[in-house]
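Asker: Given the sequences, and given the hints that come with them, work out the whole structure.
Protein sequences, first through last, are from chains A and B. Each residue of the first sequence is one higher than the last, beginning at 1 in our numbering. Each residue of the second sequence is one higher than the last, beginning at 1 in our numbering.
Source of the hints: derived by calculation from the structure; they are not laboratory data. Any given hint could turn out to be false.
[Said to hold, decoys possible] Covered stretches of chain A (chain B as the covering partner; in silico rule of three or more C-beta atoms under 8 Å from a C-beta of chain B): (1) 11–22; (2) 88–94.
[Stated by the list, open to error] Listing some non-contacts, in silico: residues in chain A with all C-beta distances to chain B over 12 Å: (3) Leu34; (4) Val40; (5) Val42; (6) Gly63; (7) Val67; (8) Met100; (9) Gln129; (10) Lys133; (11) Ala165; (12) Gly168; (13) Leu177; (14) Ser196; (15) Gly197; (16) Ser205; (17) Leu211; (18) Ile212.
[Unchecked claim] Calculated from the model, a selection of chain A residues having no Cβ within reach of chain B, i.e. all distances over 10 Å: (19) Thr32; (20) Ala37; (21) Leu41; (22) Leu122; (23) Gly167; (24) Pro178; (25) Val224; (26) Leu230.
Each residue gets a CB set at the ideal place from its N, CA and C atoms; glycine is no exception.
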Amino acid sequence: MSAAAIAGSFPTGFSWALGRDLRIAWRHPGETLLVIAFFVLVASLFPLGVGAEPQLLERVGPGVIWVCALLAAFLSLPGMFAGDYADGSLEQMALSPHPMPGWVAGKIAAHWMSTGLPLTLLSPLLGLQYGLKADTLAVMAFALFLGTPVLSLLGAACTALTLGARGGGMLLALLALPLFVPLLIFGAGAAEAQASGLSPAPHLSLLGAALIVAAMALPGAVCVAIRIALD
Amino acid sequence: MSAIEARDLACSRGLAPLFRHVAFGVASGEWLALRGANGSGKTTLLRCVAGLTRLDAGEVLWDGVATREAAGEFRARLLYSGHSAGVKDDLSAAQNLRDALALRAAPATEEALNDALAHVGLEKRRHLPARRLSAGQKRRIGLARLALDPASLWLLDEPLTALDDEGQRIFTGLLRRHLDRGGLALVATHHDVSPAPARELRLGS
Chain A
1 MSAAAIAGSF PTGFSWALGR DLRIAWRHPG ETLLVIAFFV LVASLFPLGV
51 GAEPQLLERV GPGVIWVCAL LAAFLSLPGM FAGDYADGSL EQMALSPHPM
101 PGWVAGKIAA HWMSTGLPLT LLSPLLGLQY GLKADTLAVM AFALFLGTPV
151 LSLLGAACTA LTLGARGGGM LLALLALPLF VPLLIFGAGA AEAQASGLSP
201 APHLSLLGAA LIVAAMALPG AVCVAIRIAL D
Chain B
1 MSAIEARDLA CSRGLAPLFR HVAFGVASGE WLALRGANGS GKTTLLRCVA
51 GLTRLDAGEV LWDGVATREA AGEFRARLLY SGHSAGVKDD LSAAQNLRDA
101 LALRAAPATE EALNDALAHV GLEKRRHLPA RRLSAGQKRR IGLARLALDP
151 ASLWLLDEPL TALDDEGQRI FTGLLRRHLD RGGLALVATH HDVSPAPARE
201 LRLGS
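Answerer: Structure representation (structure tokens):
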């Protein structure tokens with residue numbers, strides 16, 4: 001056979017999946033815009049609902065924004081693998097010469113860049129509605145910057161587990177939302193600590209540790225779940 | 001020269017055994033036709049050979065090496081085309097093809113890409129999003145992929161579905177060229193395809 005030797009590698013698979021998913025998100029921006037609109041709307045409804053008392057708003061602000069970011073990120077999870085699973089792209093990726101963790105990590109990175117990153121960038125603007133101070137806003141945005149990739153990683157594992165299952169959406173909520181709880185506690189805790197004059201460093205360190213552990217462990221788990229779904 | 005050999009394959013879906021003691025060998029320049037009634041396990045057999053579905057027993061050898069041991073190298077030699085075309089509706093035919101080839105670490109030049117799309121009759125529609133193409137036209141993107149991918153082994157599941165007479169002629173032309181170059185193919189099909197298969201494997205009997 002005269003075919004040139006073709007070899008796959010982790011970085012090629014990663015950049016292939018990242019580029020492709022970002023291109024699809026760019027061509028079809030509805031989903032990303034929906035997630036952002038949901039985040040902005042829900043976070044803006046709270047001040048209207050709980051009343052315009054400045055102290056109360058400042059107190060609940062970081063927590064509310066974290067919950068909104070969490071739900072918005074959750075909204076975008078089902079689309080992560082389900083479309084590729086339905087149209088046969090996922091099996092083509094599984095049969096590519098690239099090692100599976102490479103393109104899986106690329107897809108997760110693309111998901112974060114099209115949901116978690118815009119949410120993080122928007123969060124200081126929404127924080128202004130709650131009268132948060134500049135340093136609190138910065139800590140909150142940094143906590144989201146560390147926390148939203150973990151949401152994408154955890155969400156990827158959960159959505160890969162529900163591939164091909166009937167009623168996958170509800171199942172995904174039951175699986176994923178409880179796993180998001182520690183992130184919510186430490187994420188919102190960082191901004192609250194800053195607002196009350198304490199150091200946010202312990203919370204941020206824990207978020208960073210969670211990110212490292214999730215980035216090391218979860219792509220492998222996603223691969224196993226995808227293999228089971230394709231079997 | 002390459003060869004694929006399957007020994008004593010068995011697979012079951014749930015509790016029901018689908019096939020057992022399936023064995024075949026295909027050498028360079030040959031293609032094997034998988035025949036059998038609906039539900040007899042043709043698709044599952046192809047997925048087992050590709051490594052997507054786990055075998056209950058048996059092994060598949062590529063050039064004498066078990067594919068389970070050298071999965072990455074085997075996948076680099078392998079082109080699988082299943083029921084679903086693997087086409088992204090939001091991207092154009094040309095972009096779909098470009099992505100598919102880049103995924104296989106076999107990028108093609110723009111010129112080769114355009115030639116292949118022209119060969120399968122999509123030159124005027126190459127910039128349309130795939131959602132505006134018919135089922136047969138989406139299949140033709142797959143044909144263009146067959147024309148450009150350097151894989152030695154084709155695993156094709158009903159490649160003629162949704163293709164018109166001209167599309168079928170294009171397919172047989174591509175298959176003949178692939179075999180002439182020393183390629184191999186396993187094709188599950190209900191159609192009579194020329195060149196005639198070197199062997200037939202009948203499942204479910």
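Asker: So, for every hint listed, does it hold in this structure?
Answerer: Going down the list of hints, with the structure as the test:
1. 11–22: holds (count 3)
2. 88–94: n = 6 at 8 Å, threshold three: holds.
3. Leu34: Holds, because the least Cβ-Cβ distance between Leu34 of chain A and chain B comes to about 15 Å, which exceeds 12 Å.
4. Val40: Non-interface label stands for Val40 of chain A: nearest chain B Cβ at 24 Å, farther than 12 Å.
5. Val42: Val42 of chain A clear of chain B: closest Cβ-Cβ about 27 Å, beyond 12 Å.
6. Gly63: 36 Å, holds
7. Val67: About 31 Å separates Val67 of chain A from the closest Cβ of chain B, which puts it past 12 Å; holds.
8. Met100: 10 Å, violated
9. Gln129: Answer for Gln129 of chain A: holds, closest chain B Cβ roughly 34 Å.
10. Lys133: Check passes; 42 Å lies beyond 12 Å.
11. Ala165: About 16 Å separates Ala165 of chain A from the closest Cβ of chain B, which puts it past 12 Å; holds.
12. Gly168: Since the minimum Cβ distance to chain B is about 18 Å, Gly168 of chain A lies beyond 12 Å and the statement holds.
13. Leu177: With a cut-off of 12 Å, Leu177 of chain A remains clear of chain B, as the shortest Cβ separation is near 29 Å.
14. Ser196: 47 Å, holds
15. Gly197: Gly197 of chain A is indeed farther than 12 Å from all Cβ atoms of chain B, at 49 Å.
16. Ser205: 38 Å, holds
17. Leu211: Given a closest Cβ separation of 28 Å, the condition holds.
18. Ile212: 27 Å, holds
19. Thr32: 13 Å, holds
20. Ala37: 20 Å, holds
21. Leu41: 25 Å, holds
22. Leu122: 24 Å, holds
23. Gly167: 20 Å, holds
24. Pro178: 31 Å, holds
25. Val224: Correct as stated: the minimum Cβ-Cβ distance to chain B is 13 Å, above 10 Å.
26. Leu230: About 5 Å separates Leu230 of chain A from the closest Cβ of chain B, which leaves it inside 10 Å; violated.
The structure does not agree with the numbered hints 8, 26 stated previously, though it agrees with the rest.
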